[in-house]
Amino acid sequence: MIKFKRPRLQPQVSAGSMADIAFLLLIFFLVATKFIEDRGLLTQLPPNVPPTDVQIKERNLFKIRINSKNQFMVENEIRADLEGLSAEIKEFVLNPNNDPGLAETPEKAIISIKAQRGAKYSYFINALDLTKEAYYQIYGARVGLSSVEYRHLNRDNPIENQKYLEGKEGLPMKISIAEPDKVSQL
Amino acid sequence: MRFRKKQKQNPEISTASMPDIVFLLLFFFMVTATIDKSQDQLKLEIPQAQAITKIQKKFLIRELHVGFPKNPNLGTSPRISASDRIIDISDLGNWVQAQKTDLGEAYQDQMIVMLKADIDVDMGLIGDIQVELRKHNARKVLFRTLEDI
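In order, the protein sequences belong to chains A and B. Numbering of the first sequence is given in this note's numbering, commencing with residue 1 and proceeding in unit increments. Numbering of the second sequence is given in this note's numbering, commencing with residue 1001 and proceeding in unit increments.
With the rest of the complex left out, here is chain A (with noise of 0.2 angstroms):
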């Protein structure tokens, strides 16, 4: 017993290898799990009432449209892609030259999207996708920055929060996402 008992010897256990083993189980942590996925394109559905009749001037709605076949049709315009589209909803909705063709002022515009069944859903968020751009680009150009840095916009920092709500004030984004029609379904 005195043998073991030798002053010499520190009984501690060695905690060297504890950080190989906390380590392992960090790194085992690291591959196993995934931060939430917080980035995308947000959309808010309009509330579940019987559709009311409201007119809207032909000049202030954008109509996009995708049928069956992946074709897109804008503003009754049949087009292969959507290229260039941004920019046109971005004529479309500020109408710098006041054609009685578009919007009659930045905030009456509307732009309305409505894919067909058997539209791919690819298509779909591509049109979106474009029109939301369209939008950004309109409100970082009001605060003198690009859409991206418009959208990167840190929202807990003060001067960049008035930024962002100076960029979108009065202006909103105003999407319509409509169901695909029933009648195609039959």
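Just so you know, these hints were derived from the structure itself, not from any lab.
The calculated label-pair distances, taken between Cβ atoms and stated as ranges, are:
id, chain 1, residue 1, chain 2, residue 2, range
1, A, N98, B, F1059, 44 to 52 angstroms
2, B, N1094, A, G84, 40 to 48 angstroms
3, A, F28, B, K1043, 23 to 31 angstroms
4, B, P1072, A, K108, 49 to 57 angstroms
Incomplete in silico selection of chain A near chain B, CB under 8 angstroms:
id, residue
5, A22
6, F29
7, L30
8, R39
9, Q44
10, L45
11, P46
12, P47
13, R117
14, K120
15, F124
16, K132
17, Y136
18, R155
Covered stretches of chain B (chain A as the covering partner; in silico rule of three or more C-beta atoms under 8 angstroms from a C-beta of chain A):
id, stretch
19, 1018-1030
20, 1042-1050
21, 1119-1132
Values in this document were obtained by computation on a predicted structure and should not be read as measured data. Glycine included, each C-beta is placed from N, C-alpha and C at the ideal position.
Place chain B on chain A using the hints.
Chain B in isolation, oriented as in the chain A frame:
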């Protein structure tokens, strides 16, 4: 020489605190992250987009997956998966209610449904989901997209 003697007497000070630091890191990751579990039933290829924004209140997010089943016994048409279970569109209302109860009274109306859908999914189904969500007053929808580089 004196210094060496001292070091021999007490050589383990630095390593003893090391596990504590690592454990702290470990707990941080355990708390901030959730275990990824629900990706195995459906094929999900997330679309890309540019105009992406970030949600501030992450705890409001509830995930809904729409994709094609990997298991051929489940058919080839797109299915909905919520909380790691494949559900029918008719069960969606119950799911929404359950999630709302889970969120608590104060935040019920702010619930954000994150729709994670495959690029090839039919818009008809997405539309049906939107109708269901509207019916149950879960009207904030986040279309999950990846950053387009």
